[in-house]
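All chains should be modelled from the sequences, with the hints used to inform the complete structure.
So the sequence lines, in the order shown, correspond to chains A and B.
Here this note's numbering is used: the first residue of the first sequence is 13, the next is one more, and so on.
Here this note's numbering is used: the first residue of the second sequence is 4, the next is one more, and so on.
Hints in this document: simulated from the structure, not taken from any laboratory.
Just so it is clear, CB atoms sit at the ideal spot from N, CA and C, and this is done for glycine as well.
Careful, some of the hints might be misleading.
Said to hold, decoys possible - Chain B regions said to be covered by chain A (calculated; three or more residues, Cβ under 8 Å):
1. 54–61
2. 105–119
3. 142–154
Now for the letters of each chain:
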Amino acid sequence: MSAGAALEFRVAIREAIVEEMERDESVVFFGEDIAAEQGGVFAVTPGIQERFGTERVFDTPISELAITGAAFGAAVTGLRPIIEIMFGDFMGLAMDSLINQSAKYWYLSREQRSVPLVVRSAVGGGGRFGAIHSQTHATWFQGVPGLKIAFPSSPAEAKGLLKAAIRDDNPVIFLEHKRLYSVKAQAPAPGEVLPLGQARVARPGRDLTIVSAGKGVPDALEAAGQLARDDRIEAEVIDLRTLRPLDIDAVLASVARTNRMLAVEEGPATGGWAAGLLGIVAEHGLHDLDDVWLLSTDELPIPYSPTLEDAFIPGAAAIASAVRERAGVVVGR
Amino acid sequence: MTVDEQIVTEAPAAYLERYGLMLLIRLFETEMQRLFLKGEVHGTTHLSAGQEAVPVGVCSALAPDDYLAGTYRGHGHALAKGTHPDALLAEMLGRVTGVCGGRAGSMNVIDAEHGLVGCFGIVGGSIAAATGAALAAKGQGRVAVAMFGDGATNHGYFHECLNFAQVLALPVVFVCENNFYGEFTPMLKVTAGGDIAGRAAAYGIPASVVDGNDLWAVREAAVEAVARARSGGGPTLLECQTYRHHGHSKADPAKYRPPEEVERWLARDPLGVAKARLAELGVSEQELSEVEETTRARMEQAVQSALAAAYPDPAGETATEFAP
Chain A
13 MSAGAALEFR
23 VAIREAIVEE
33 MERDESVVFF
43 GEDIAAEQGG
53 VFAVTPGIQE
63 RFGTERVFDT
73 PISELAITGA
83 AFGAAVTGLR
93 PIIEIMFGDF
103 MGLAMDSLIN
113 QSAKYWYLSR
123 EQRSVPLVVR
133 SAVGGGGRFG
143 AIHSQTHATW
153 FQGVPGLKIA
163 FPSSPAEAKG
173 LLKAAIRDDN
183 PVIFLEHKRL
193 YSVKAQAPAP
203 GEVLPLGQAR
213 VARPGRDLTI
223 VSAGKGVPDA
233 LEAAGQLARD
243 DRIEAEVIDL
253 RTLRPLDIDA
263 VLASVARTNR
273 MLAVEEGPAT
283 GGWAAGLLGI
293 VAEHGLHDLD
303 DVWLLSTDEL
313 PIPYSPTLED
323 AFIPGAAAIA
333 SAVRERAGVV
343 VGR
Chain B
4 MTVDEQIVTE
14 APAAYLERYG
24 LMLLIRLFET
34 EMQRLFLKGE
44 VHGTTHLSAG
54 QEAVPVGVCS
64 ALAPDDYLAG
74 TYRGHGHALA
84 KGTHPDALLA
94 EMLGRVTGVC
104 GGRAGSMNVI
114 DAEHGLVGCF
124 GIVGGSIAAA
134 TGAALAAKGQ
144 GRVAVAMFGD
154 GATNHGYFHE
164 CLNFAQVLAL
174 PVVFVCENNF
184 YGEFTPMLKV
194 TAGGDIAGRA
204 AAYGIPASVV
214 DGNDLWAVRE
224 AAVEAVARAR
234 SGGGPTLLEC
244 QTYRHHGHSK
254 ADPAKYRPPE
264 EVERWLARDP
274 LGVAKARLAE
284 LGVSEQELSE
294 VEETTRARME
304 QAVQSALAAA
314 YPDPAGETAT
324 EFAP
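As structure tokens, this is what we get:
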């Protein structure tokens, strides 16, 4: 696909897997229903098994312990597995091998072997899937040294970050927001591989910095557009891209320009990445700060009913009104 | 040559060497006990004395580049797979010359050079690690072995991985060291059906119950299972019945075991069983004591070198969170 053409998010994921499997024979891909004709519940990976064969691409039993444990074992003995844990919520079953084995192996073994492993999952609310098919598991893993956590915000970002994750020699938790799968946007330049651990300025602005990741980035961009149009507030939007490593320098550089920061997280404030980010920004950038706050969800499970779920998730409108309220803008002036 | 013929016709000298390795493990555990009481081994440790025939018999059926995943009761697993006793003991003492530089400790030893994928500190972890290693091994002409205890057979890892490995016909051998106690609790009290080997039938996996205190029996079963795995025949479950001479960990005096039971198993000490068999095969007293002397000297050297090694210097640590 050439640069400039529209690329769907789910196709971007598929292209990244295909290109990396073509590039490196040690890359294998397995999970529940990923090789089935439809290519998983979100139709992300159809045709990959036909292309690379049943030895490199295969369906597994519904056994998250076995899938992640086996991926770890394979990664330390010569393969580079990409696995799919269908919904991020299911990562509760998969945590042992990721936290206690994969994350620690490089260090514990005194660098005898690294663990080149990618764990893809669909995350996030808004799909009416209810409390245990809508969570974002990034923060369950964020406090674990040795893991990387990528959370792309667009088709081009998804492709470039997944290619990087597959080439990376460390275990990478890769989050795909399910409300991004059908988004179509500009394709990246052919062969583009993005760095893991470097945030990007998704929109420059001088009045405040809005930091987010995943679906929060397009929401923040939409909110920034409204604020510019209706309130003459120019928000800078920072796309973190990875929640571990966290690119503190990029956030601090932005805050130095704008002096105000809002972190937007689709998840509870307590134990969330946004709260952690606020702490680090306060520690290192207090002299630059006029204001810093966060927009997160209630400290409750994610509800099912559309009215409840829509009110629960901080979307573009909620971000824009949070900024207006904090800035003392009178709506409808 | 059939497996039986291969075992029967093997020269006694090979078994004498394996006896030496079993003795090395026993001496290693004796030293661990002594050094723990002296405060040289930190935290806790899980001794495998009494179970030596299992790892030695199993590893005797493996090639050096085959994979083994062991447990937190794993000193014997590591030594049987080829880890140097000096490096292993130094690791136990937290010294810089340890096989993992003192970063891992007793429960988490990794020795990739010798095919030891790792020893896993949480029950069941070794089963999945070996299953995964078998995914890689399949394309490398290698075999992977999981060592685990009876307690792990009640774990999700056991059931998920047996199914997973059989569905994918992976070259893996599941070796249960059934020592009849999961930590402090009798196996039969917490294991429905009480038949570990029998569980394999549900997955269509061949299985057998093996006298885990008999080096010959373990080796025979392992040779057959490894041959099946290597030739594409898929996984095997071996239930090797054995007994640990010590408690679960250093915090456990093992008072829950009836004295008659302990007596009975001590009378079938795998070292004694092997010694008697070697004598039957015509190995002389002198040959035996030569091996014993060499092994004792080897262990003594490991102790001296580990005690002489430095602790890692925190200021000199060069650890990085991520592989480059």
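Hints, verified against the model:
no.	hint	result
1	54–61	violated (count 0)
2	105–119	holds (count 7)
3	142–154	holds (count 3)
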